[in-house]
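Asker: Chains as they are written, first to last, in the working numbering: chain B, 1 to 84; chain Y, 1 to 84.
Incorrect hints may appear among the rest.
Pairs involving identical chains hold if they fit within one copy or between any two copies, as the list cannot separate such chains.
Cut-off 20 Å, straight-line C-alpha distance, at most; resulting in silico cross-link-like pairs (SDA-like, lysine to any residue) [to be verified]: (1) Lys58 - Arg32; (2) Lys20 - Pro79; (3) Lys20 - Val45; (4) Lys20 - Asp49; (5) Lys20 - Met1; (6) Lys20 - Thr78; (7) Lys20 - Arg37; (8) Lys58 - His29; (9) Lys20 - Ala30; (10) Lys58 - Pro79; (11) Lys58 - Glu5; (12) Lys20 - Thr39; (13) Lys20 - Gly74; (14) Lys58 - Met1; (15) Lys58 - His42; (16) Lys58 - Thr78; (17) Lys58 - Gly43.
No lab work stands behind these hints, which were simulated from the structure alone.
Protein chains: 2
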Amino acid sequence: MNEVEIEYCEPCGLLPAAEKTGHALLTTHAGRIHGLRFTPGHGGVFRVDVDGETVFDKASEEDFDVDVIVARVGARLTPPTIQL
Amino acid sequence: MNEVEIEYCEPCGLLPAAEKTGHALLTTHAGRIHGLRFTPGHGGVFRVDVDGETVFDKASEEDFDVDVIVARVGARLTPPTIQL
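Kindly produce the complete structure, drawing on both the sequences and the hints.
Answerer: Right under this line is the structure:
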């Protein structure tokens, strides 16, 4: 549970966008995300999943807004299980 | 295969070091790393694994050198399987 994956198109240069998203998620949801995986991909992909469920997919949404992604991920995470 | 994990101590503020290491790995070994996972942890942990085998562990090595970690990871990755 609380596993996040960011698949990004490596040849298209989407690593910085993936890193920006990953940083926002790991800081905003510190203590709740158990793991965040970067998956290099192809073909323009940029997709964010939580426990296998897509919360953002560039293929179906043009606007890339990190704050929106952070909020959507937060809504799917189970409450804090790690005490800070 | 070619799965990298970076476990870092979240309360100790080691996320920046983890992100610096992750960036170096995903750029230097682009096309070879299939996935890179950030795992928030506790107790001062900072460990880098490739396919479950530790290549760097802060608990047993004081010097944190990203270039050394990048070289060690590279030595364990199977040759490029993704064409760029």
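Asker: Each hint needs a verdict: does it hold in this structure or not?
Answerer: The hints, checked one at a time:
no.: 1; hint: Lys58 - Arg32; result: neither (25 Å within a copy, 24 Å between copies)
no.: 2; hint: Lys20 - Pro79; result: neither (23 Å within a copy, 28 Å between copies)
no.: 3; hint: Lys20 - Val45; result: within (16 Å within a copy, 23 Å between copies)
no.: 4; hint: Lys20 - Asp49; result: within (16 Å within a copy, 23 Å between copies)
no.: 5; hint: Lys20 - Met1; result: neither (22 Å within a copy, 26 Å between copies)
no.: 6; hint: Lys20 - Thr78; result: neither (23 Å within a copy, 28 Å between copies)
no.: 7; hint: Lys20 - Arg37; result: both (13 Å within a copy, 15 Å between copies)
no.: 8; hint: Lys58 - His29; result: neither (22 Å within a copy, 25 Å between copies)
no.: 9; hint: Lys20 - Ala30; result: both (15 Å within a copy, 18 Å between copies)
no.: 10; hint: Lys58 - Pro79; result: neither (27 Å within a copy, 30 Å between copies)
no.: 11; hint: Lys58 - Glu5; result: within (14 Å within a copy, 26 Å between copies)
no.: 12; hint: Lys20 - Thr39; result: both (14 Å within a copy, 17 Å between copies)
no.: 13; hint: Lys20 - Gly74; result: within (16 Å within a copy, 25 Å between copies)
no.: 14; hint: Lys58 - Met1; result: neither (24 Å within a copy, 27 Å between copies)
no.: 15; hint: Lys58 - His42; result: within (13 Å within a copy, 34 Å between copies)
no.: 16; hint: Lys58 - Thr78; result: neither (25 Å within a copy, 30 Å between copies)
no.: 17; hint: Lys58 - Gly43; result: within (11 Å within a copy, 37 Å between copies)
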